[in-house]
Amino acid sequence: MSESIVVAEQVSYRVNDAVLIDDVSMHAQPGELVALAGPNGAGKSTMLRLLAGDLKPESGTVRVAGLDTHRAPPAEVARARSVMRQGRSADVPFTAAAVVSMGRYPHRSDPDNSKAADLRAIGAAMERVDVVHLAARVFATLSGGEQTRVVIARILAQDAPVVLLDEPTTALDVAHQERVLAAIRRMANEGRSVVAVLHDLNAAAHYADRIVLLRAGAVCAEGAPIEVLERGLLSELYGQPMIVTDHPTRNCPLVLTSDE
Amino acid sequence: MATNVALSVDPHAARRRWFWLVGSAVAIAAAFVSLAVGAVDISVADVLGVFAAKLGLRESSEQAAAVVWGIRMPRLLVGFAVGATLGLVGAVMQGLLRNDLADPQLLGIGPGAAIGAAIGAAAAGVRGAIAGGVFAGVVTALVLRRLVRRVSIDPTRIILSGVALGAALSAWVGFVVFGAERAAVPPLEFWLLGSLAGATWQTFGSAVAFIVLTTGALLTATRSLDLFALGEPEARHLGVDTTMVTTLVLVGCGAAVGATVGAVGIVSFVGLLTPFLMRPIVGYSHRYLLPASMLAGGTFVVVADLAARSIFEPVEIPVGLITAAVGGPVFLWLLVRKRHV
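Chains as they are written, first to last, in the numbering used here: chain A, 53 to 312; chain B, -17 to 323.
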């Protein structure tokens, strides 16, 4: 078993008196897709922002590829982790190709990097998520699904070993959701460590290796989808009767809402 | 490889070539006209004669030399330098704050700098005005930096805060002017509306070092500014030290604008309009937008100054009246046309 590249130890974070993250420890290994799940307000996005270095933990430590993401030099951190945040700006006036090439920015200060390596990474990233034909289009004029794919291409071009995603499938139709999730799964299969906030438990069930379930800022369950997605736990956690059954075609659990 | 071909597609490349060709021609033409036109009319041939004499090629009339080289040349250079600085700072601030309405004068940097410049003028003349303008411009920029940190979520609130800050600071310029000895400080209309009438070689000499240094520094921020277009958090995620870049860029803007205010007072709307007009022509990439805004801003002020001294000849009006009279309506058009600011 390889060593964890994302490590959070006893992390707490609060704003004024509200405790948003309460003593959370979690980790992720290279090649692993970890889903952060839980009800609204459980602290999923806050936890992701703590991992990304956007927020400073009040106590505890965050290490991504050995770096303190909040303190280490930004360019060095950007070569260690890429981030897709929720609610990003849609009105970017640059072309899709320009947006993807911005993913190479952190490699500017890397002496081993070359212009040829940049172009290779940009081209490969755009081919991977099938946005080559959008290259000359202005980002702001793309549909939501196209924008998401361009952002994922940017993240691929950034080529960091750790990928942090906050609800990457928000506002996408089911077909686009599946394509984006498959692309994310492939990032993990290629050896990256992916931590993704996933609202949709069934997406987590199929695509994640492990699920970290949060409740009120604390970890309430953690493990493989088959272990974590349990009827009683979910019904109580969400305050909503749930059923967990086997997915008819996929080898994973299927979560459904039900009535009393 | 197909991908590489697509990457090189830039819809603005052809337009940029034309812009630089036509823009330079217009700037040079405006320069010659502004050297030739005035209370003493001097033909373009005589203007060329003065340049030739400066190069030691031939003699020119003493009167032409005194007017062209002694009076109009410094005024032209100061005007162009001020306009280029304001165009650049406008483009930089709009990029940094992701807001097409960000403008150094509108956000209060100009009025803040004018307080320091007026105090400096009372103490030590032109040099004092520019030094005071730079100092107060930087201080105001740092105040704005704090405002930006607090209200960064909402661009409209940044603008409103800036407008309120600017209005208050403009009033305080008045307190300085009326409190100081009459002869020592230029009048309030100079500070609030701007004028190139008093621009001399001394003005140019005192301001040019600040302007070259600060604009040179701001021009190095082009790639970081491009990344700010994705959003401040994205820029940070991609390795830009956004906290430091924001502070340094705003301080640079404060110093640059402060130098222009010390030299000629507040010339409004140049920083607001020029980048807005340049974007459709040269594109959004700051590598192209910043130099283009400098050329256009400089030309705008030179032409506006030409109008300011020609319209009611022989009476000169403040150059800021012209830039505002043209800029105001375009600003409104911008507000109506843009769905979100």
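If you're looking for bench data, these hints aren't it; they were derived computationally from the structure. Every residue, glycine too, gets a C-beta built ideally from N, C-alpha and C. Mixed in with the good hints, there may be bad ones.
[Stated by the list, open to error] Derived lysine to aspartate or glutamate pairs resembling EDC-like cross-links, with alpha carbons at most 20 Å apart:
| hint | chain 1 | residue 1 | chain 2 | residue 2 |
| --- | --- | --- | --- | --- |
| 1 | A | K108 | B | D(-8) |
| 2 | A | K108 | B | E214 |
| 3 | A | K167 | B | D(-8) |
[Stated by the list, open to error] If the Cβ cut is set under 10 Å, some of the chain B residues that face chain A in the computed set are:
| hint | residue |
| --- | --- |
| 4 | E44 |
| 5 | A211 |
| 6 | L212 |
| 7 | D223 |
| 8 | R261 |
Against the structure, the hints:
no., hint, result
1, A:K108 - B:D(-8), "40 Å, violated"
2, A:K108 - B:E214, "17 Å, holds"
3, A:K167 - B:D(-8), "18 Å, holds"
4, E44, "54 Å, violated"
5, A211, "6 Å, holds"
6, L212, "6 Å, holds"
7, D223, "5 Å, holds"
8, R261, "8 Å, holds"
In this structure, the earlier hints numbered 1, 4 are contradicted, and the remaining ones agree with it.
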